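*Asks:* With these hints in hand, go ahead and build the complete structure from the sequences.
Which chain is which? The protein sequence lines are A and B, in order. Each number in my numbering corresponds to the 1-based position in the first sequence with 732 added. Each number in my numbering corresponds to the 1-based position in the second sequence with 60 added.
Derived by calculation from the structure, the hints in this document are not laboratory data. Careful, some of the hints might be misleading.
Straight-line alpha carbon distances no greater than 27 Å define the calculated BS3-like cross-link-like pairs of lysine-lysine that follow [what the hints assert, rightly or not]:
id	chain 1	residue 1	chain 2	residue 2
1	B	K125	A	K759
2	A	K759	B	K154
3	A	K748	B	K154
4	A	K748	B	K102
5	B	K102	A	K759
6	B	K125	B	K102
Coverage of chain B stretches by chain A, computed from C-beta distances (three or more under 8 Å per stretch; other residues unrestricted) [stated by the list, open to error]:
id	region
7	137-148
8	314-328
On a predicted model such as this, the values are computed, not experimentally measured, just so you know. Even glycine gets a Cβ: it sits at the ideal position worked out from N, Cα and C.
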Amino acid sequence: MASLSSPLRVCRGILKELRTIQGPSYKQSLAYNYVIDQFRKNKVTGERYCRAQQEAHHASLTYLCLLTSTRNHLALYNLYHGKGERSPEEVAGLVGLRLPTQPGGKGWEK
Amino acid sequence: MFKSVIRLQSRLGGVITFCKVFPRHELFRNAMKYSTASAERKRFYQDVSISQGEGGLYEVNLDRKKLKTPSGKLFTVPNEALAIAVATEWDAQKDSIRFYTMHLTTLCNTALDNPTQRSKEQMISAALKFLETDTICYRVDEPPGLVELQRNEWDPVLHWIESRYNVTIGSSSSILGPEIPEGTKETFRQHLGSFSLWSLTGLEFVITQLKSLILSLGMLDRHLSVERAVLLSRLEEEYQIRHWGNVEWAHDYDMYELRARTAAGALFVHLSSESSTIKHKLMQD
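*Replies:* Encoded structure:
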């Protein structure tokens with residue numbers, strides 16, 4: 733997406749993700765302050781093609797990709813991934829039974 | 061005093077495990093937190109913060125306790141950005157802790173513990189061995205749409221890496237793959253030798269995800285973005301998706317997982333290998 737690569741949009745994207753993760757108090761978080769600092773520091777540069785600026789830009793794009801894709805992955809996981817087996821207690825509870833308990837524990841348990 | 065407990069784990073298909081119950085010692089409490097993978101770990105901390113320890117290494121604190129790696133070592137990272145990113149990962153967990161979303165933490169743990177005791181040389185030779193079966197070098201003969209797509213998308217990357225590193229890597233459509241000359245391997249070996257152990261851990265991770273050394277190097281040299289590298293790695297799948305349609309619970313799931321892991325690996329390598337200084341220039345008018 734060519735329109736994504738301007739630093740302002742990347743910065744906004746990262747901050748939006750942080751807000752999604754952390755809720756309303758995201759402005760006090762470490763990541764927020766660090767990101768804003770980094771964007772401010774790298775904004776002004778003398779040369780026309782500044783390698784450090786390009787590197788920082790690429791790193792910020794990478795971090796944005798990381799945040800968005802973990803969020804999407806988690807959403808798809810919650811939507812589609814198998815929830816695992818039920819425990820024996822729950823299975824018994826499905827038909828209205830309860831597992832027997834042995835007061836002394838079974839032979840191999842302590 | 062240790063108590064010996066024999067637990068029959070029915071979920072593991074009748075495997076009997078010997079498990080010692082340690083006393084509630086701080087050191088081991090956090091080490092055990094990774095071991096119960098099947099049980100759900102609830103979030104047991106409120107705040108996540110970072111602090112600078114001895115030697116300039118940064119540590120992550122959950123509430124008051126220091127974070128430890130699965131083998132019990134103290135979790136330290138060389139720079140602040142990585143520590144903040146790991147802290148954000150831990151902070152992002154709500155209710156229960158999902159380790160499969162915490163890619164940076166996993167990578168740091170692997171680099172710190174090195175559980176399989178790999179040395180730099182082993183990692184470099186493994187990466188070079190992967191070059192022989194690199195995704196980009198394997199072309200198909202048919203269908204023609206896919207041949208065309210591979211030529212248009214993969215060839216520029218091949219040319220870029222050949223000119224950047226002054227090597228020859230061909231592409232082939234035979235089952236044996238391309239012949240990689242020794243000079244190429246030597247050049248790459250030298251280049252990878254300049255990476256630190258942490259960077260090599262990250263690189264290995266990225267190569268395993270993208271199934272290509274060339275794409276990994278292209279991404280780490282900032283020639284390709286993460287999304288583009290993932291797209292190129294999954295080129296055939298994308299072609300089939302365009303033809304047959306997208307299945308969200310398989311294709312999208314895979315793509316986002318791949319992107320997340322690749323982005324984590326790339327960020328890990330970048331942060332492990334760079335050090336930034338700010339030079340303030342005076343404005344002269």
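*Asks:* Work down the list of hints and note, for each, if the structure agrees.
*Replies:* Here is what the structure says about each hint:
1. Distance hint between K125 of chain B and K759 of chain A is fulfilled; the C-alpha atoms sit about 24 Å from each other, no more than 27 Å.
2. Only pairs whose Cα atoms come within 27 Å are accepted, and K759 of chain A paired with K154 of chain B is accepted, the gap being roughly 18 Å.
3. Between K748 of chain A and K154 of chain B, the direct Cα distance comes to roughly 18 Å. Compliance with the 27 Å bound is thereby established for this hinted pair.
4. For the suggested pair K748 of chain A and K102 of chain B, the alpha carbons sit about 26 Å apart, so the restraint of at most 27 Å is met.
5. At most 27 Å may separate the alpha-carbon atoms for a hinted pair to count; K102 of chain B and K759 of chain A meet this at roughly 25 Å.
6. For the given pair, K125 of chain B sits about 16 Å from K102 of chain B by alpha-carbon distance, which is consistent with the 27 Å threshold.
7. A count of 6 residues in the region 137-148 of chain B with a Cβ less than 8 Å from any Cβ of chain A is obtained; the coverage claim is therefore met, three being the minimum.
8. With 8 residues carrying a beta carbon less than 8 Å from a beta carbon of chain A, the region 314-328 of chain B meets the three-residue requirement, and the given coverage holds.
The structure shown violates none of the earlier numbered hints.
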